[in-house]
Amino acid sequence: MSVALRAVQWNRDKLVYDGILIAGVALYLASYLVLAWGAEPPKNLPDAIDLWIRATGSCAFLMLTIILSIGPLARLDRRFLPLLYNRRHFGVLAFLVALVHFSFLLDWYIVQHALPNLGAELTNWPHYARFIGFPFKAVGLVALLILFLLAATSHDFWLIFLTPRAWKFLHMALYVAYGLIVMHVALGHMQDERSPLVPLVLIGAFVVVAGLHLRAGRRERKTERKTDRAPGSGWLTVGPPAAIPDKGARIVAAPGGERIAVFRDGNQIGAVTNLCAHQNGPLGEGRIVDGCITCPWHAYQYRLADGCAPPPFTEKLVTYRVRVERGLVEVDPTPLPPGTAAAIVVG
Amino acid sequence: MTRAHRSLHRLLWPILAIAVVLGVALALWLRPPPEPGQTRAIPLEQLG
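Going down the list, the sequences are from chains H and G.
Residue numbers for the first sequence follow my numbering, so the first one is 1 and each next one is one higher.
Residue numbers for the second sequence follow my numbering, so the first one is 348 and each next one is one higher.
Read the hints as simulated data drawn from the structure, not as lab findings.
Note that the structure is predicted; figures quoted are calculated from it, not measured.
Careful, some of the hints might be misleading.
As the list claims (entries may be wrong) - Heads up, incomplete: computed chain H residues facing chain G, CB under 10 angstroms, no partners named:
no. : residue
1   : L162
2   : F169
3   : F206
4   : H213
5   : R218
6   : E220
7   : K222
8   : P245
Claimed, not checked - Quick look at which bits of chain G chain H covers, simulated, 3 or more residues with Cβ under 8 angstroms:
no. : segment
9   : 358-366
10  : 372-379
To be verified - Simulated restraints, written as ranges between beta carbons of each label pair:
no. : chain 1 : residue 1 : chain 2 : residue 2 : range
11  : H       : E40       : G       : I365      : 34 to 42 angstroms
12  : G       : P380      : H       : E40       : 18 to 26 angstroms
13  : G       : L377      : H       : T334      : 29 to 37 angstroms
14  : H       : P116      : G       : I362      : 34 to 42 angstroms
15  : H       : G19       : G       : I365      : 22 to 30 angstroms
16  : H       : G256      : G       : L377      : 29 to 37 angstroms
Glycine included, every Cβ here is placed at the ideal spot set by N, Cα and C.
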């Protein structure tokens, strides 16, 4: 198997998204430095570098907080969907800011001719048995390595090469990295800094992110429990045709199986897997645009009739048989081979 | 997300939330009192 590397497919939306991101980072850093410099001007070069360490570190932390909030927010409220569109560039930029944070840390040691001290801190093995005094820089370094791995594999080349399933598992390591970063701050900066702002921001940000993920997860579980089986058969009941929004979908789930998105386009009804072939995005939360099912994440499109992407694209979705019995739409949870025509016309 | 991703997600977040909240609370509870005139620069004697 081989995968061809294609350059990033730039478009106006991506350029605007990235422009806003870079402007936001520049504005945050400038504001932080001006305010902190004004409040307590640095007395020497290490102090000045220390300001940069804090500015870039807090910036990367806030960026990761926003990145991790986008997914569940988009699930809970569709108005946040545009933020998902270029989230990978957001993640790569967060890694770059974290890398600058690390380079300032190295600089801080170098200007004091004390770089070996950093090595000594990281290899002070007895300190790894402590809680307060744990080498917090090692925790940050592990988080940075995870961010590097994720940024390095963020391109579509790796998504195709690793398969969307494995790629998504890999990129769920961001949750662990975020937890490590919170502990990096709690065991490091929070131990020196007596202002209540640090623990408040740290705990507040983590509670918001964790709360959003837990709430979105609970809502998803409810969706799965709601699906009924038609009496006397293995088919799943979706409801009357009118219960499926026109040019939209209802999502059903077979116990132990993947979710199925049942779409209606006027009087045509078809069922496809809820997993987009691109990045396993939730197709059932998308719409039918120009006659094609359109993924809400990156606008990948598929025909309702057979789950095939319109030419020249070649992606195909698993489809499912549908029927109308006693006025109710039902779907057979046995998947058909990708690209099998299975949609029906009702009424 | 596939069913397997959702299962991992549902397992990971409660564990992460409890571990991190406990870790931060403990770090806050156990942090030593501030020393007067504390500085972040490396002490001269450590610079060799």
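Now for the hints, and whether the structure bears them out:
1. L162: Cβ of H/L162 sits 14 angstroms from chain G, so the hint is violated.
2. F169: This interface hint holds because 7 angstroms falls under the 10 angstroms limit.
3. F206: 6 angstroms, holds
4. H213: 5 angstroms, holds
5. R218: Because about 9 angstroms separates H/R218 from the closest Cβ in chain G, which is inside the 10 angstroms limit, the hint holds.
6. E220: 6 angstroms, holds
7. K222: 13 angstroms, violated
8. P245: 22 angstroms, violated
9. 358-366: Per the Cβ count (6), the hint holds.
10. 372-379: holds (count 6)
11. H/E40 <-> G/I365: 34 to 42 angstroms: With Cβ atoms ~37 angstroms apart, the hint holds.
12. G/P380 <-> H/E40: 18 to 26 angstroms: Distance hint for G/P380, H/E40 holds at roughly 21 angstroms.
13. G/L377 <-> H/T334: 29 to 37 angstroms: 57 angstroms, violated
14. H/P116 <-> G/I362: 34 to 42 angstroms: Holds, since H/P116 and G/I362 (Cβ atoms, about 37 angstroms apart) stay within the stated range.
15. H/G19 <-> G/I365: 22 to 30 angstroms: 39 angstroms, violated
16. H/G256 <-> G/L377: 29 to 37 angstroms: Violated, at about 45 angstroms.
Hints 1, 7, 8, 13, 15 and 16 from the earlier list are contradicted by this structure; the remaining hints agree with it.
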